[in-house]
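In case you want the letters, here they are:
2 protein chains.
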Amino acid sequence: MLHFSRDFSFENTAAHQNMMDDAFASISEEYKSGEVGYYNLPHDSHALLDEVQELIQGNILLNSGQIKDIAVIGIGGSSLGIKAVNSLMLSKNLNTRRLHFFENSDPIDISRTMAKLRKENTLFIVISKSGSTIETTSIFKTIISYFDLELESVDSQRVIVITDKGSSLSLFAKHYGVKQFNISDNVGGRFSVLSAVGIVPLTLAGYDTKTLLDSAEGFLTRFFNHEEDHILEKACHFYEHSPMQSINVLFAYANDLENLCKWYVQLWGESLGKINTQEKNVGLTPIGLIGSIDQHSFLQLLIEGPKDKTVTFVSIEDFENDLSIPDVTLKHIEKTNFVNSNSFNTLINAQCDATRESLIQSGVSVDSIVFQRICEGNIGTMIIYYELLTSLVGAMLHVNTYDQPGVELGKDILYKKFGK
Amino acid sequence: MLHFSRDFSFENTAAHQNMMDDAFASISEEYKSGEVGYYNLPHDSHALLDEVQELIQGNILLNSGQIKDIAVIGIGGSSLGIKAVNSLMLSKNLNTRRLHFFENSDPIDISRTMAKLRKENTLFIVISKSGSTIETTSIFKTIISYFDLELESVDSQRVIVITDKGSSLSLFAKHYGVKQFNISDNVGGRFSVLSAVGIVPLTLAGYDTKTLLDSAEGFLTRFFNHEEDHILEKACHFYEHSPMQSINVLFAYANDLENLCKWYVQLWGESLGKINTQEKNVGLTPIGLIGSIDQHSFLQLLIEGPKDKTVTFVSIEDFENDLSIPDVTLKHIEKTNFVNSNSFNTLINAQCDATRESLIQSGVSVDSIVFQRICEGNIGTMIIYYELLTSLVGAMLHVNTYDQPGVELGKDILYKKFGK
Chain A
70 MLHFSRDFSF
80 ENTAAHQNMM
90 DDAFASISEE
100 YKSGEVGYYN
110 LPHDSHALLD
120 EVQELIQGNI
130 LLNSGQIKDI
140 AVIGIGGSSL
150 GIKAVNSLML
160 SKNLNTRRLH
170 FFENSDPIDI
180 SRTMAKLRKE
190 NTLFIVISKS
200 GSTIETTSIF
210 KTIISYFDLE
220 LESVDSQRVI
230 VITDKGSSLS
240 LFAKHYGVKQ
250 FNISDNVGGR
260 FSVLSAVGIV
270 PLTLAGYDTK
280 TLLDSAEGFL
290 TRFFNHEEDH
300 ILEKACHFYE
310 HSPMQSINVL
320 FAYANDLENL
330 CKWYVQLWGE
340 SLGKINTQEK
350 NVGLTPIGLI
360 GSIDQHSFLQ
370 LLIEGPKDKT
380 VTFVSIEDFE
390 NDLSIPDVTL
400 KHIEKTNFVN
410 SNSFNTLINA
420 QCDATRESLI
430 QSGVSVDSIV
440 FQRICEGNIG
450 TMIIYYELLT
460 SLVGAMLHVN
470 TYDQPGVELG
480 KDILYKKFGK
Chain B
70 MLHFSRDFSF
80 ENTAAHQNMM
90 DDAFASISEE
100 YKSGEVGYYN
110 LPHDSHALLD
120 EVQELIQGNI
130 LLNSGQIKDI
140 AVIGIGGSSL
150 GIKAVNSLML
160 SKNLNTRRLH
170 FFENSDPIDI
180 SRTMAKLRKE
190 NTLFIVISKS
200 GSTIETTSIF
210 KTIISYFDLE
220 LESVDSQRVI
230 VITDKGSSLS
240 LFAKHYGVKQ
250 FNISDNVGGR
260 FSVLSAVGIV
270 PLTLAGYDTK
280 TLLDSAEGFL
290 TRFFNHEEDH
300 ILEKACHFYE
310 HSPMQSINVL
320 FAYANDLENL
330 CKWYVQLWGE
340 SLGKINTQEK
350 NVGLTPIGLI
360 GSIDQHSFLQ
370 LLIEGPKDKT
380 VTFVSIEDFE
390 NDLSIPDVTL
400 KHIEKTNFVN
410 SNSFNTLINA
420 QCDATRESLI
430 QSGVSVDSIV
440 FQRICEGNIG
450 TMIIYYELLT
460 SLVGAMLHVN
470 TYDQPGVELG
480 KDILYKKFGK
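Protein chains in written order, with my numbering: chain A, 70 to 489; chain B, 70 to 489.
Derived from the structure by calculation, the hints contain no laboratory data.
Owing to the predicted nature of the structure, the values given are computational and were not obtained by experimental measurement.
Treat the hints with caution; some may be incorrect.
Reference listing, derived: stretches of chain B covered by chain A, where coverage requires no fewer than 3 residues with Cβ under 8 Å from a Cβ of chain A [said to hold, decoys possible]:
no.	segment
1	137-150
2	406-413
Cβ pair distances, simulated, as ranges [unchecked claim]:
no.	chain 1	residue 1	chain 2	residue 2	range
3	A	D298	B	N81	53 to 61 Å
4	B	G134	A	H244	54 to 62 Å
5	A	K400	B	F487	15 to 23 Å
6	A	T82	B	F487	53 to 61 Å
7	A	H169	B	S410	24 to 32 Å
8	A	D396	B	N190	48 to 56 Å
C-beta: ideal position from N, C-alpha, C; glycine also.
Using the sequences provided together with the hints, build the complete structure.
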C-alpha cells in the first residue's frame, strides 16, 4: 500500500475540472491509440517473466549457478530505474545475483567497477534503445577487451542485449548469437523501467517482478477507471502553480530512496522541459532530497527562501528494522534523552512529520506519499504513479512529453570534435 | 592548479564596480573584525596538524596501528565536507585508515554501516558543533551499545569529539577523559571543513591536509590582495541575474565529484536562502549534476526549459588514469568507432565541452572550473573559492550568510512530538 495525501488546498472549480478532463482525455487517447507504449507495459511485460525463465533454463552459465554478478551497461533511462528498484530492495533480499552498474564515461568509475568483477561469475547486460549510445558502446568494448570476452564462441552466452527491434545493437546480437530482449519503439527510455530494460535484469537479480508489474497494472487500471483522481488534482495543482512554483522537490526520508529520486529527476525534467506547442520554453525543475540529512542542508532555503517550490514528502511507515536508541544516559548530553528507547524508524518519521509541518506553517505547498513498507508491489505503484503524473502535467503544459530534442545539439558538437 | 573561466559576458560598469567594492569591503570587515571565523582557518588550522600527530603518538590504539577504520558520526556541516574530500581522494591514496560515515537517522543505513565495522579496528569521531544534534547523539548512543564501548575505562581512547568549546559534548568529553578538538564559535557548520571538523578526520585518514590548507591560504591571500577578482565578477553576475536565473547548477564531470556537489548544495542553499534585511524572502537554489550521466537526464530541461538557471561546469583535466576505448570493431555497432583508441579521460572531457557549447548556443549563462588534476591542493582551492563566492553573494543579497534560523521551527515541532 502507498498512501497519498495532500496538505495544499485544491478547489474543484469548473475550470479545474475542464483542465483535468482534457488532460485525462489526452493521455487516454495516447494509451488507446497505441501512440505511447508505456501504458501497456504493466500488462504486456508479464510475458517477459516466462522469457527470462526460459533464458535461465537455456543458458548454461545461468542455469549452472555460476553467475553471481550481473553487470548492467546502460545510461539514463537504461540504468536509473533499475538502480532505483535495486537500491530499495537490496537490503530485503538475499539476492540470487548481484547487480553492478556501468553508466558513466568516467575512467575511475569504470576501472573501479571492473576490478570488482570476475569474468567467470559475471553476466553482462548491454542496454541501449538506439544501440549507439556513446558511453554504452565504449564501455562495452572496454569490457570485451578487459575480460577477454570471446563473443564469437563461448562468451556469447555471457552477454545479453536489450534494445529496440531493428537497432544496430539488435543486429549485433543477431550476428553474434547473443540473446536479445526488445523494447517497443513507442516506449521512451525514461518510461522504460517496466519494459525489458528493467524487468530482465531485476528478474535475473531475484526480485519479484511479477508483483512489481501486477501492482503497477492494478494502479493503472484504477486510474483509468477514475478511482485515483487525486493524481489529476495534483497534476492540475502543479501545472497551475508552475509559473510561481517552478521547482518540485521530492524529499525522501531514507538513504535507499536516493536512486528513486534520481529516476524521478530524469522523468520529470526530461519530459516536461520543452519548447511547447506555443513555442514557449516551459518546464518544471525536479530536485531530490534525502531526509533527515537535507534538513541540515536544503531546509533553510525551503523555509525562508523564495516560495518557488512545492515539496512532496516520501517516507516509509515500516522499515522492518527494529534498531532502537538505547536507554543510555551520557553525562552532559542528556538533552536529547527524550528519544531514548524509541526506534530510529519512529525518529526518522517524526522528523519527516515535523519538517512537513514546519513547511506548511511557512506557506509551502506540500503533499505526501507514504510507503507502508518497501516491497516490489509498492515500488511498482510508485513508478506508474509518477509516470502518469508526468504525462498529465505534460498534457497540461502542451509539450511532447516523450521526446528529448534538446540533447541532440550536444551530440552533434561531440561528433564534430572527433572529426565526424 | 584550478583554471577558472567564464562564457557569460560581464561589463565593468560603475554600478558593478560599486557593488563589487561594497561586497569586498563587507567581507573584508567580517574577516578583520573576527566576526566570521572561517577566513582564519586556512592559516590557523595548521596548528591542528601537530595536535593530530601528538594524538597519534599518545593514543595507544592509533599508535599501535590497530585502527584501520574511522567512523565519523556527524550530519550536515559535520559530514558533507569530509565526504567531499574523501570521495575525491580515495582512489588516489592507499589510505592509512578508512573513513565511514554515520549521518542519518535511517535504521537500515545505521545497521548496514555498523555491520561493516569491528570494534577493535575502529576509532569513533563524534562531531557536533552544538553537541545536541539529535541524529548524532542518538547514533552515538546506539554505537556505544552495539559495540559495547566502555567509556569509563579502556574505550575512552577509542572516541574523539569535535565540538564547540563549552558545548554539552565538550563537557561530556571532559567528564569521560575523551580527547576533544574544538571549533570556534564564529565558524558555522557549513564553513567548517577547514577547521578541526574536516582536518582531524582527514589527517587521521592519511590525506595531505597541510597542502589542503596551504593551498586554501594562498588563494585566500590572493583574493584579499585583489589577485582573484574573477570571483567578485562572478558573484556580481549571479546576484544581478538572481531574479531571473534563480537556480545555480554545478555540472561536475566525474562520479567522485558527487559529494563535492552535495557540500556545495548545503553551502549555497543554507547560506543564501534567507529573509534579508529588507524582510524579503531571497535565495538562490543550488543543484548538483554529474556528467556525462545527467546529459541523459537533466540536460533537456537546461536546453529547452525556462531560462532560469546558470550552469558551472566542473571537470578534471587529467584523471591520472589511462583507461582507453580499445580499437575494437563490433559488427553493426561501428557508428561509435570514431572514439576508438581515445582515453575515457578524453571522451568525458569532450562530452563536457560539447555540452557546455550546446548550452552557450542555447543562451544559458555558463562558466567553468577545471581541476588540472585531483589533489589535496586543488580541493583546498575549490573549497575556499566557493566559501568566498558564497560570502560575496550573501553580502550582495543583504542576508546573514552564516545563520540558519529557518530550521528551528521543525526542531521545535519535533521536540513537542516527543512530549517535550
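Verification of the hints:
1. 137-150: holds (count 4)
2. 406-413: Check passed, 6 qualifying residues.
3. A:D298 x B:N81: 53 to 61 Å: The hint (53 to 61 Å, Cβ to Cβ) holds, given that D298 of chain A and N81 of chain B are roughly 57 Å apart.
4. B:G134 x A:H244: 54 to 62 Å: Roughly 56 Å apart at Cβ, these two residues keep to the hinted range, so it holds.
5. A:K400 x B:F487: 15 to 23 Å: Check passed, 21 Å falls within 15 to 23 Å.
6. A:T82 x B:F487: 53 to 61 Å: Hint violated: Cβ distance 41 Å, outside 53 to 61 Å.
7. A:H169 x B:S410: 24 to 32 Å: At 26 Å between Cβs, range holds.
8. A:D396 x B:N190: 48 to 56 Å: Violated, since D396 of chain A and N190 of chain B (Cβ atoms, about 28 Å apart) do not stay within the stated range.
Checked against the numbered hints above, the structure breaks hints 6 and 8 and satisfies the rest.
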